[in-house]
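Novice: Protein chains in written order, with UniProt numbering: chain U, 1 to 423; chain Z, 1 to 423.
Hints are not guaranteed to be accurate.
[Unchecked claim] Computed cross-link-like contacts, DSSO-like style, restricted to lysine-lysine with a CA-CA straight-line distance of at most 30 Å:
#	chain 1	residue 1	chain 2	residue 2
1	Z	Lys361	U	Lys217
2	Z	Lys314	Z	Lys217
3	Z	Lys217	U	Lys14
4	U	Lys217	U	Lys14
5	Z	Lys217	Z	Lys361
6	U	Lys14	Z	Lys14
7	U	Lys314	U	Lys342
8	U	Lys269	U	Lys361
9	U	Lys361	U	Lys342
10	U	Lys14	Z	Lys361
11	Z	Lys217	U	Lys361
12	U	Lys342	Z	Lys14
13	Z	Lys217	Z	Lys53
14	Z	Lys361	U	Lys361
15	Z	Lys269	U	Lys217
16	U	Lys314	Z	Lys269
[Claimed, not checked] Derived list of chain Z stretches under chain U, where covered just means 3 residues or more per stretch with a C-beta under 8 Å from a C-beta of chain U:
#	stretch
17	264-270
18	324-333
I should point out that these hints are in silico values taken from the structure, not numbers from a laboratory.
We treat Cβ as the ideally placed atom computed from N, Cα and C, and that holds for glycine.
2 protein chains.
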Amino acid sequence: MTNTSDAVRALATKGREAAQVLRAASTGQKNDALAAIAQSLEANATEIVAANKLDVERGIENGLAEALIDRLTLDEDRISGIADAVRELIALPDPVGEVVMGRTLPNGLVVRNVRVPMGVVGMIYEARPNVTVDAACLALKAGNAVLLRGGSAAEESNIVLVALMREAVESVGISADSIASVDEYGREGATELMRARGYIDLLIPRGGTGLIQSVVKESVVPVIETGVGNCHVYINADADPEMALPIVINSKTHRPGVCNAAETLLLHKDYPEPGAILKALVDAGVTLHLDSEARGLAEAAGADSAYLRDVTEKDWDEEYLALHMAVGIVDSVDDAIAHIRKHSSGHTEAIVTDSVTVANKFTAGMDSAAVMVNASTRFTDGGELGLGAEIGISTQKLHARGPMGLAELTTTTWRVEGAGHVR
Amino acid sequence: MTNTSDAVRALATKGREAAQVLRAASTGQKNDALAAIAQSLEANATEIVAANKLDVERGIENGLAEALIDRLTLDEDRISGIADAVRELIALPDPVGEVVMGRTLPNGLVVRNVRVPMGVVGMIYEARPNVTVDAACLALKAGNAVLLRGGSAAEESNIVLVALMREAVESVGISADSIASVDEYGREGATELMRARGYIDLLIPRGGTGLIQSVVKESVVPVIETGVGNCHVYINADADPEMALPIVINSKTHRPGVCNAAETLLLHKDYPEPGAILKALVDAGVTLHLDSEARGLAEAAGADSAYLRDVTEKDWDEEYLALHMAVGIVDSVDDAIAHIRKHSSGHTEAIVTDSVTVANKFTAGMDSAAVMVNASTRFTDGGELGLGAEIGISTQKLHARGPMGLAELTTTTWRVEGAGHVR
């Protein structure tokens, strides 16, 4: 036991005590806490921006990439956006208390399976300070205490955000220990979160592949793996070009930096207008990594050759998160299925076809969290699927698969009522 | 990479290929496979008993405890019992294809959340050869391939059982690779199962605390923790003695060696007939580990003092799995809740009371997989709760909590149908 280990466990123990009270809190009280948080973030925007400025300046000094600096930066508008997202949680139904299943057995036992909070949720994430608020508020609405470990790049911002949220929940009679950070313990704090089995009920890593894989491998606390997306779009021979082109363009370019963006395009060899798709991708600024057949088609379509490269074996497994796309020509839907099963990260795959048989074959053959038929991969998103706010997209098979919202931050318990029943 | 690692991964890869076909198998075909297994076990009972005899003889030579020898032993009757359990699975509804949630969104996207098989399930268990058949058949009905690692004590029995099951599923056109064992690789085989992330989708340890904890800590494959039960019964002041006594006796003595047996009894100080319960327990052969007040009550009731011991701090955490019980007197339901939250393994707790307020307080205060009001702890069981056969009782909060049946051996996937939808 190190001092950090003791300190993290002490925080988790306080969190557990807070969670024990929070699990019985009414929906009204939890919503009041969310409203207080939203109000406080806006009221203290100046203080938040000042702290954030220190992080941004340090980031620039340390040579952080521009895109990361942008994600890190908070201004009044962004803070209002964060506060609005918190207010949207108020409108969502409380998952706690939902009777998932209930029946009276022949012997008269009344059996109910009821949603209850997890307890203490740990969250390890990177440089986006909005995640600090998102994660704490989703956990709170689901009746959980939360222990946060944000990236050191957002350290000053997170100190202020956590302090404001603790104050806000306390103002409505919820223990401040419901929201805590282990940031002051640095990397060791993260490591201790992963070791705190029995103290923390669930650990959610959110960030790049490296972070997620290291948490998955090192943690003895149950983990939910989120958000690595090597998503595919397959265009069948019979696909309507009027659907196929916009679906490919939207899947790739609508927001290339997120996990439900497509990274690989597979075209059936008999699809009539492959050149139009490849040229449109290049015109949208996408660098294509093509097999030889696809390259021929792109060149014949007059795509700017500066954007054409030969695909490598590694490309098929790449999550570019940028305007790059691997492109291959396949002989059949079976070949497409085989390719995707070999290379997919299990996030989202899309097919464009007008054949029920082909669509069903493709859907049945996938082993991914989501399959889209004639729709963009970008719809794998809690809000888009009508599920409400999400804490991440799970690409694992246990507990949560796909968008993880409030329900996935709860567990269930069996409640059985008898009248002196024995076996 | 060791040779064993390669061998286990090769088996898992074959299992994955088999699972890819199995996920599309009809319920009828899976049921035919189960019927063929049941029939084969009975038809080859002589061969199974002969192999089992070698295990039993070796067990006796190695000084295995009598209870373990009993669990290990198979005769024609027990084999019929195992075959009957397999036939019972045929009647259970197929979880695969169940639409868990479905809706059409305002934009016209048709969204369904559908149950699909996990893929490859690994199972690490101890000396009971019936688990070999149970686990393989539950996994099969849920559309999964299974990799088994049984205890070395049942080695010879398991070789025959696995060979018969592989033959049986093949006879109905399902790949024999759907059921395989890594027993020939000994302990290293178990270790490699735990390391085979990406090859195995779910690992279920079933056995004693030591086995389960070591799998939970070492495995990088997602694990479901099963079956450690330090279950409590709390008798409130107003409990009806006509209910309280049989519930305590049933919870403790009906089958003391299983995880839903009660291990601790907490009595409210004002419950009118504590002596009758304590004497009845002793008369049923239960050794009591009592706090000083409870000891006084037991002695006053004339309980045989040979069965009375002073409780130690360790007793409160003990899963005796035997005719022993820790007994304490508490001042209130709040004290009972505090005690149970400190010592429970999160399996099952029971209360006997006639007060709605007290029952609700107790139920809300527990953080366990099941809470019984006026019923025996023994009802936490898949069959008893009307859920069908179970592969274990989960005491963790992720994915499955309480009895794990067929549905818990599946995952879900999102299937979204559009008509060219983009964001």
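Novice: Against this structure, judge whether each hint is valid.
Specialist: Against the structure, the hints:
1. Lys361(Z) with Lys217(U): violated (39 Å)
2. Lys314(Z) with Lys217(Z): Holds, because 23 Å separates the two Cα atoms, which is no more than 30 Å.
3. Lys217(Z) with Lys14(U): holds (24 Å)
4. Lys217(U) with Lys14(U): Holds, at about 27 Å.
5. Lys217(Z) with Lys361(Z): violated (34 Å)
6. Lys14(U) with Lys14(Z): violated (48 Å)
7. Lys314(U) with Lys342(U): Measuring from Cα to Cα gives roughly 12 Å; hence the hint holds.
8. Lys269(U) with Lys361(U): This hinted pair holds, its Cα atoms lying about 18 Å apart.
9. Lys361(U) with Lys342(U): Status holds; Cα separation ~17 Å.
10. Lys14(U) with Lys361(Z): Given pair lysine 14(U), lysine 361(Z) holds - Cα atoms ~22 Å apart, limit 30 Å.
11. Lys217(Z) with Lys361(U): violated (39 Å)
12. Lys342(U) with Lys14(Z): holds (14 Å)
13. Lys217(Z) with Lys53(Z): Violated, at about 35 Å.
14. Lys361(Z) with Lys361(U): Roughly 51 Å between the alpha carbons, so the hint for lysine 361(Z) and lysine 361(U) is violated.
15. Lys269(Z) with Lys217(U): violated (49 Å)
16. Lys314(U) with Lys269(Z): Violated, at about 70 Å.
17. 264-270: It is violated: at least three residues are needed, and the stretch 264-270 of chain Z offers just 0 whose Cβ sits closer than 8 Å to chain U.
18. 324-333: violated (count 0)
Hints 1, 5, 6, 11, 13, 14, 15, 16, 17 and 18 from the list above are not met by this structure, while the remaining hints are.
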